[in-house]
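Visitor: So the chains spell out like this:
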Amino acid sequence: MEILVCVKRVPDTAENEIVVNSKGTDIERGDLVYSVNEWDNYAVEEAIQIRDNAGGSVTVVTVGDGDAEEILRREMAMGADKGILLSDDAFNGSDGKGIAAILKAEIAKGQYDLILTGAQADDGAAQVGGMLAAMLDMPYASLVNKIEIVSDKVIKIGREIEGGNQEMSEIDLPCVLSIQTGINEPRYVGIRGIRKVASVEIPVHGAGDLGIAAGSVGAAGARVKRVDYFVPPMGEGAEMLEGSTDEIAEKLIELLKSKGGIK
Amino acid sequence: MTQPIFAYISHKNGTADDSAFELIVAAKKIDPAAAVTAVVCGAGAELDAVCSTMAAVYPDVWKVSNPALAYPNAEVLRGVLVSILPAGAITLAPHDTFGMDLSPGLSIKLNAAFVPDVVGIEGIDGANLKTIRQEFGGQVSTHVLCDISAGAVLNVRSGCFLSDDSKASGSVTDKSGQAGDCKAKRRFLEVVAAEVGDVDITKSDVLVSVGRGIEDQENIGIAQELADTIGAVVSCSRPIVDAKWLEKARQVGTSGKTVKPKVYIALGISGSFQHLGGIKGNPFMVAINKNPKAPIFQVADIGIVTDLLEFVPELTDKIKEMK
Ligand SMILES: Cc1cc2nc3c(=O)[nH]c(=O)nc-3n(C[C@H](O)[C@H](O)[C@H](O)COP(=O)(O)OP(=O)(O)OC[C@H]3O[C@@H](n4cnc5c(N)ncnc54)[C@H](O)[C@@H]3O)c2cc1C
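Chain order of the listed sequences is C and S. The first sequence begins at 1 in this note's numbering and counts up by one. The second sequence begins at 1 in this note's numbering and counts up by one.
Treat the hints with care, since some could be wrong.
[As the list claims (entries may be wrong)] Listed next, with one range per pair, are the computed distances between beta-carbon atoms:
hint: 1; chain 1: S; residue 1: Asp317; chain 2: C; residue 2: Val231; range: 33 to 41 angstroms
hint: 2; chain 1: C; residue 1: Gly215; chain 2: S; residue 2: Ser169; range: 44 to 52 angstroms
hint: 3; chain 1: C; residue 1: Asp65; chain 2: S; residue 2: Pro59; range: 46 to 54 angstroms
hint: 4; chain 1: C; residue 1: Asp65; chain 2: S; residue 2: Asn111; range: 28 to 36 angstroms
hint: 5; chain 1: S; residue 1: Ser52; chain 2: C; residue 2: Ala220; range: 44 to 52 angstroms
hint: 6; chain 1: C; residue 1: Ser57; chain 2: S; residue 2: Gly126; range: 22 to 30 angstroms
hint: 7; chain 1: C; residue 1: Glu148; chain 2: S; residue 2: Pro292; range: 42 to 50 angstroms
hint: 8; chain 1: S; residue 1: Val199; chain 2: C; residue 2: Val231; range: 53 to 61 angstroms
hint: 9; chain 1: S; residue 1: Asp48; chain 2: C; residue 2: Lys156; range: 50 to 58 angstroms
hint: 10; chain 1: C; residue 1: Pro203; chain 2: S; residue 2: Lys262; range: 57 to 65 angstroms
hint: 11; chain 1: S; residue 1: Thr173; chain 2: C; residue 2: Ala220; range: 48 to 56 angstroms
hint: 12; chain 1: S; residue 1: Gly126; chain 2: C; residue 2: Glu247; range: 40 to 48 angstroms
hint: 13; chain 1: C; residue 1: Lys225; chain 2: S; residue 2: Leu162; range: 25 to 33 angstroms
hint: 14; chain 1: C; residue 1: Ala220; chain 2: S; residue 2: Pro86; range: 52 to 60 angstroms
Hints were generated in silico from the structure; no laboratory data involved. Heads up, the beta-carbon is just placed ideally off N, CA and C, and yes, glycines get one too.
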């Protein structure tokens, strides 16, 4: 099974407070810690497990700038066989459709049976997988939390739906699946693993290599554009308890008692 | 604006989803004068029941009946929508597990722009529709301009456009003849119900809920001890279940349990909409989080900015002393 996994480098929200810059044009990126999008790690782990059972290879691909290479190496340290970086100034400012179009152009150069993405990334859009599938005319399933290989033509999948119920389907290959967290337990990657792949060559493909017309992607091609970042007014918000730990604890206990929170 | 607006109606067992009553409110925010049509796809008597409910809310209802639509398969429904929707349509769908499955691909096939997870609509500005979205788990918001000149698909977050008791005496038009062959490369098999756990968190009046801020599996004992001391049950956010630190039956949220406690104590939970979507009945909510900007503070009644790993054991000790 030839598997491609689309990954994205994102600010790690578990490590950072996200703050809007003074002009509202972006978030403060100076001190951000970046990592692989949480959902993508599950997708790569799943791909590696399928390859280990069914044979084939795992390629990880990302659209990004030079810094994005580090996450490809991280996923290769996890066990992906190959990384591809899609990078070009013409890609800057792409909307979801633009990113999907860039990925599509790369996919058209290869032969993949299974294409995985994370269910969503830092912008919570959950769009690239579904767009990519439609562009490739491949079947698609989102929020996949189970994959069972049936044959080289069809697989069985579970989608996580409301209430944590699981919708089981059969889907023809090749297909695109977006992977939900919890499908597996992504393996740990140590410094040593990363060092091992530090000098592996990662090809970089630009708009010219991919045959993408200037203006069809990037800011010029985008029909959906983010114009600013802002923090909405707090509204009522919570009453914040302040003071020494003792004082706060005492106040909280009073409140909990009055609301029936202490039995 | 002269573009027609369509709302995809989700329904189950003959009952329309809450989103059906919210999408018409969102549509009116795009254009108060727009003609808004509810698209209801399905099969049998259940479909007719939903169509008549919708005719009391939407001025126009399009019904598509086919046995292949008895269970909503996004690939089949995409084909149906592509064949019945006019060019330039603005299509609204819920940003739920079905809308996430349907809409991105639908936008490509309609050659329309796509805006996912819309939480606000500010109206038309030239060729653009101005919408509001959130990023980074709700920590920041953004204004997003969407060029709607060739149509658009919008996935709308639940609870952001509250039902306004829209009334209509709409007519139902049968579009079944245009549904196409309803074939798909993805075939639905069955729904497997979520596993049942040892503890039923929906039965408890008081929940101590842990999120990723608990940092380590061992620290869950801190929350358990507080819960034992006050007579509460421990529940959690999704990452705790993903990490296999607690069982799935303890997860609160759209893909977990819906709870209705009197008191909800959130420890190290940021307050994503999927988590909050599982908390109903407006409980007295206490949030303990070390990030003063955590979105949970916008919905909690009481907020405490502190390291829970230090604060919670002290709180538990104090309650024990008093008892
Ligand atoms: C389709 C779909 C369905 C989903 N369904 C659900 C669902 O049902 N339930 C659910 O919960 N999520 C669900 N999610 C995931 C959701 O989007 C969030 O990722 C998740 O809720 C975040 O959990 P969290 O708040 O525990 O973690 P985070 O967002 O990482 O927040 C951790 C918080 O802990 C704080 N913190 C860290 N350390 C400390 C400390 N020492 N003391 C105090 N505070 C600390 C941080 O400031 C932060 O605010 C779903 C996602 C998708 C895409």
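Visitor: Could you run down the list of hints and mark each one as holding or not?
Guide: Results of checking the hints against the structure:
1. S:Asp317 x C:Val231: 33 to 41 angstroms: Roughly 36 angstroms apart at Cβ, these two residues keep to the hinted range, so it holds.
2. C:Gly215 x S:Ser169: 44 to 52 angstroms: Cβ of glycine 215 of chain C to Cβ of serine 169 of chain S: about 48 angstroms, so the range 44 to 52 angstroms holds.
3. C:Asp65 x S:Pro59: 46 to 54 angstroms: holds, 49 angstroms
4. C:Asp65 x S:Asn111: 28 to 36 angstroms: holds, 29 angstroms
5. S:Ser52 x C:Ala220: 44 to 52 angstroms: Holds - the Cβ-Cβ distance for serine 52 of chain S and alanine 220 of chain C, about 48 angstroms, lies within 44 to 52 angstroms.
6. C:Ser57 x S:Gly126: 22 to 30 angstroms: With a Cβ separation near 48 angstroms, serine 57 of chain C and glycine 126 of chain S fall outside 22 to 30 angstroms, so the hint is violated.
7. C:Glu148 x S:Pro292: 42 to 50 angstroms: About 45 angstroms separates the Cβ atoms of glutamate 148 of chain C and proline 292 of chain S, which means 42 to 50 angstroms holds.
8. S:Val199 x C:Val231: 53 to 61 angstroms: violated, 37 angstroms
9. S:Asp48 x C:Lys156: 50 to 58 angstroms: violated, 33 angstroms
10. C:Pro203 x S:Lys262: 57 to 65 angstroms: At roughly 58 angstroms between Cβ atoms, lysine 262 of chain S and proline 203 of chain C fall inside 57 to 65 angstroms, so the hint holds.
11. S:Thr173 x C:Ala220: 48 to 56 angstroms: Violated, since threonine 173 of chain S and alanine 220 of chain C (Cβ atoms, about 40 angstroms apart) do not stay within the stated range.
12. S:Gly126 x C:Glu247: 40 to 48 angstroms: violated, 55 angstroms
13. C:Lys225 x S:Leu162: 25 to 33 angstroms: Check passed, 28 angstroms falls within 25 to 33 angstroms.
14. C:Ala220 x S:Pro86: 52 to 60 angstroms: Violated: the Cβ-Cβ distance is about 28 angstroms, outside 52 to 60 angstroms.
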